[in-house]
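For reference, the chains in residue letters:
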Amino acid sequence: MPVVDVGRVCVKTRGREAGRLCVVVDVIDKNFVLITGPKTLTGVRRRRVNVRHLEPTDLKLDISKGASDKEVEAALRKTKLYTAFKRAARLPIEDVLKPAHERPSLEST
Amino acid sequence: MVQKRSRSWRRVKVRTPSGAVAIRYRKPKPNPPRCAKCGAELHGIPRVRPPELHRIAYSEKTVNRPYGGNLCPNCLETAIKEKVRLVVLSEGMRTDLRRRSRKARKKARRKRQRKKEEAAEKEAEETPPSNASKA
Ligand SMILES: [Zn+2]
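Protein chains in written order, with the working numbering: chain G, 1 to 109; chain X, 1001 to 1135.
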C-alpha cells in the first residue's frame, strides 16, 4: 500500500487532473483522502479522491490535518516546492511514452 | 442518381414510395478508436469515417483527460506513475541505484576512507581535553 498521509505530495493519475501535483490534507478512511492542489497553483480542486488514483512522492509538507488551501500554499512557500508546483503543475510524460530504445537512460541524466 | 455499391458495403432494405423494397448501400463503419499504446478500445470517441471526424466538434472527439482520445486511462496511469518514480529516482536515490564505474567506485571508497581518517583525527584531538576536564 502506498504511504498516503497528511501533507504527502502526490500526483493524480486518473481523470482530468491526471498528472497534476497535489497535497493530501486529510485522511477520510482507508480508501479515501481529501486533497488540494491548491487549485490556484496546480489546478487540482479540493476534493475527495480514492488513494488508488494517487501516486505518492517522497516529499512531505508540514501541515496540520484539514489545513486550508491558504495554509497549504503558505507551507509550500516555505519549501523549495512552491516554484516546482507552479512550474510543473502537470508532469510532462512525453519521454515515458516513447519506446524504450528512444528513452534517455538513468545513467546519462 | 445511381448509388455506389459494393459487396462489402452494408445493405439496408428501404421501402420506396411505390411500395417496392429497394436495397440501399451504406459505407462500412471504421474500426473503433484504440489506445495508442495497448490497443484497447477507447470509449467516448465516435466511430465515424475520417471526413465525419473533420466535421464534428473537438469536444465530441475527445475525453476530458490528458491524452484523452489517444491513450486509455490505464496506460496513462502507468505512464504517470513511471514518470513520478523516475523523477523521485533522479532526485533522491539515484546515486545509490546507479551502477558506478570501477573508477568512480574507487574514488568513492578513497573519499570515504579519507573522511573516516579525518573524523578519527578530530576525535583524537578532542578527546584529551574532555578527559582532562573529567579528571
Ligand atoms: Zn492503453
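Errors might be hidden in some of the hints.
[Stated by the list, open to error] Simulated pairs of lysine to any residue, SDA-like, Cα-Cα distance not exceeding 25 Å:
no.	chain 1	residue 1	chain 2	residue 2
1	G	LYS98	X	GLY1039
2	G	LYS80	X	LEU1086
3	G	LYS80	X	VAL1087
4	G	LYS60	X	THR1078
5	G	LYS98	X	LEU1086
Simulated from the structure, these hints should not be mistaken for lab results.
Outcome of the hint check:
Proposed proximity of G/LYS98 and X/GLY1039 is supported: the alpha carbons are some 16 Å apart, at most 25 Å. The suggested pairing of G/LYS80 with X/LEU1086 holds, with an alpha-carbon distance near 19 Å, which does not exceed 25 Å. Using a Cα cut-off of 25 Å, the hinted pair G/LYS80 and X/VAL1087 holds, with the two alpha carbons roughly 16 Å apart. Only pairs whose Cα atoms come within 25 Å are accepted, and G/LYS60 paired with X/THR1078 is accepted, the gap being roughly 22 Å.
At roughly 14 Å between alpha-carbon atoms, G/LYS98 and X/LEU1086 fall within 25 Å of each other, so this suggested pair holds.
Checked against the numbered hints above, the structure breaks none of them.
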